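A.B. asks: Here is what each chain is made of, one letter per residue.
There are 2 protein chains.
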Amino acid sequence: MSEREAKGELKAKARGRAVGRPSRNDGAGAGPDLRDGILDHAELVFAEAGFAGANLREIAARAGVNQGLIRYYFGSKADLFDECFRRRGGVLAGHRHVNLDRLLEMSDAPSVEDIVYAYLKPQWDMKYSSPNGAAFVAMQARLHAEPEEHALRLRREVYDASVKRYIATLALVLPQIPKDIISVRMAFLVGAYLFMLNDLGRIGDLTEGHLTSFGKDEMLDQLVRFLSAGLRAPL
Amino acid sequence: MSEREAKGELKAKARGRAVGRPSRNDGAGAGPDLRDGILDHAELVFAEAGFAGANLREIAARAGVNQGLIRYYFGSKADLFDECFRRRGGVLAGHRHVNLDRLLEMSDAPSVEDIVYAYLKPQWDMKYSSPNGAAFVAMQARLHAEPEEHALRLRREVYDASVKRYIATLALVLPQIPKDIISVRMAFLVGAYLFMLNDLGRIGDLTEGHLTSFGKDEMLDQLVRFLSAGLRAPL
Numbered sequence: 203m204s205e206r207e208a209k210g211e212l213k214a215k216a217r218g219r220a221v222g223r224p225s226r227n228d229g230a231g232a233g234p235d236l237r238d239g240i241l242d243h244a245e246l247v248f249a250e251a252g253f254a255g256a257n258l259r260e261i262a263a264r265a266g267v268n269q270g271l272i273r274y275y276f277g278s279k280a281d282l283f284d285e286c287f288r289r290r291g292g293v294l295a296g297h298r299h300v301n302l303d304r305l306l307e308m309s310d311a312p313s314v315e316d317i318v319y320a321y322l323k324p325q326w327d328m329k330y331s332s333p334n335g336a337a338f339v340a341m342q343a344r345l346h347a348e349p350e351e352h353a354l355r356l357r358r359e360v361y362d363a364s365v366k367r368y369i370a371t372l373a374l375v376l377p378q379i380p381k382d383i384i385s386v387r388m389a390f391l392v393g394a395y396l397f398m399l400n401d402l403g404r405i406g407d408l409t410e411g412h413l414t415s416f417g418k419d420e421m422l423d424q425l426v427r428f429l430s431a432g433l434r435a436p437l
Numbered sequence: 203m204s205e206r207e208a209k210g211e212l213k214a215k216a217r218g219r220a221v222g223r224p225s226r227n228d229g230a231g232a233g234p235d236l237r238d239g240i241l242d243h244a245e246l247v248f249a250e251a252g253f254a255g256a257n258l259r260e261i262a263a264r265a266g267v268n269q270g271l272i273r274y275y276f277g278s279k280a281d282l283f284d285e286c287f288r289r290r291g292g293v294l295a296g297h298r299h300v301n302l303d304r305l306l307e308m309s310d311a312p313s314v315e316d317i318v319y320a321y322l323k324p325q326w327d328m329k330y331s332s333p334n335g336a337a338f339v340a341m342q343a344r345l346h347a348e349p350e351e352h353a354l355r356l357r358r359e360v361y362d363a364s365v366k367r368y369i370a371t372l373a374l375v376l377p378q379i380p381k382d383i384i385s386v387r388m389a390f391l392v393g394a395y396l397f398m399l400n401d402l403g404r405i406g407d408l409t410e411g412h413l414t415s416f417g418k419d420e421m422l423d424q425l426v427r428f429l430s431a432g433l434r435a436p437l
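Those protein sequence lines, which keep their order, are chains B and S.
Just so you know, we're using my numbering here: the first sequence kicks off at 203 and counts up by one.
Just so you know, we're using my numbering here: the second sequence kicks off at 203 and counts up by one.
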């Protein structure tokens with residue numbers, strides 16, 4: 203990138219939007235959406251190859267830009283990963299807050315099932331919304347396989363506030379269960395559904411192919427029942 | 203490797219054991235245990251870097267052998283991964299069978315809690331038995347992030363028989379729940395505990411550091427209660 207080009211882009215950044223560059227491929231992602239286009243391609247590559255297996259060269263080639271531009275916008279591969287995670291993770295956390303708001307507006311003491319459903323539904327919807335939504339869910343389910351310090355920091359930043367509100371609400375409607383136990387059970391819940399969202403093949407195996415009789419809504423319903431019973435388990 | 207060396211090794215292989223080679227480093231893993239030594243090092247690298255991130259060069263360097271020898275014994279990186287998985291996964295599946303045998307000897311209708319405990323305990327013990335046991339558990343928890351066809355084939359081969367025996371036993375003691383639903387719930391169970399075994403950091407976050415008050419046995423106990431309640435959930 204020449205100094206002049208770099209300066210032009212800095213100015214564009216200062217105006218709060220990214221500037222386009224002619225795309226090397228078919229022009230997809232060029233223009234003011236270039237930044238989002240790069241994130242879309244990065245998300246697909248991270249979902250397929252994981253953090254360690256992904257490389258900027260491939261992301262650049264797929265997005266039709268050069269690696270220097272990606273570095274200029276986002277920094278290192280780790281920074282790009284974080285940005286992908288924050289973009290869609292923020293949407294998810296936001297939907298969870300809004301769902302809980304609605305639930306608490308309707309009742310001071312919603313059922314455990316309603317609380318679990320409000321928590322799970324946004325990620326469920328994201329998985330089935332688009333190939334990129336599904337890629338983010340896969341990226342997310344792989345996150346615990348990434349270096350722990352990095353993964354924990356990101357999850358804390360993006361999810362802690364909303365998860366803790368759910369834990370507090372569950373503690374309110376399950377006064378007989380100590381809050382620490384509810385927190386541990388909430389972690390079991392997160393594990394079960396993240397794994398599940400990426401593990402439909404294995405469920406197919408274990409049901410010996412009968413999974414086809416379960417639609418995605420019924421599967422969510424099954425998961426809500428299972429996890430609600432677990433949250434309510436006697437001490 | 204000279205033709206003569208290769209022939210000698212083939213003969214040793216035919217006798218059912220691997221032959222040693224002088225080690226390049228400190229001699230660790232040389233001798234008849236060389237094959238197991240290579241698998242131990244491979245396990246650690248696969249656990250740290252995942253399948254995509256691992257490379258034979260690093261495994262060879264850590265094991266103090268050359269890459270050619272690894273290829274000779276095991277074949278490709280995928281073959282080496284499979285061999286690591288089969289070695290310890292076979293032990294795990296065996297322990298699960300034996301635990302279920304014992305349970306069914308004592309009673310025709312064991313409790314759901316006892317069945318879940320019999321299933322979870324071997325992997326729990328493996329995680330805390332040694333750094334390599336822990337590495338295998340991490341490798342296993344990452345498996346669903348590996349290319350799906352490969353992961354499913356391996357899990358089928360190593361685990362299907364034992365998991366299906368557990369599903370059949372659960373179906374026996376929970377006659378009110380259709381077997382397909384039990385199978386789906388069993389998949390939820392696998393997800394929750396695999397994730398959990400690798401996700402203690404996140405549990406620490408969600409309990410705001412109170413995790414320290416939970417020993418590993420209490421954590422297993424909590425998981426058994428949670429999952430048993432889930433398996434028993436009304437339809």
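Treat each hint with caution, since some may be false.
A few chain S residues that face chain B, going by a derived Cβ cut-off under 7 Å, partial list only [as the list claims (entries may be wrong)]:
| no. | residue |
| --- | --- |
| 1 | E315 |
| 2 | R387 |
| 3 | M388 |
| 4 | T409 |
Calculated from the structure, these hints are not laboratory results.
Just so it is clear, the structure is predicted and the values come from calculations on it, not from any experiment.
Ideal Cβ placement from N, Cα and C applies to all residues, glycine included.
A.B. asks: Take the hints in turn and mark each one as holding or not.
C.D. replies: Hints and how they fare:
Checking E315 (chain S) against chain B by beta carbon gives a least distance of about 10 Å; that is not within 7 Å, so the hint is violated. Because the beta carbon of R387 (chain S) sits about 5 Å from the nearest beta carbon in chain B, less than 7 Å, this interface hint is met. For M388 (chain S), the shortest C-beta to C-beta distance to chain B is roughly 6 Å, which falls under 7 Å, so the interface hint holds. Given hint, T409 (chain S) at the interface with chain B, holds; its Cβ is 4 Å from that chain's nearest Cβ, closer than 7 Å.
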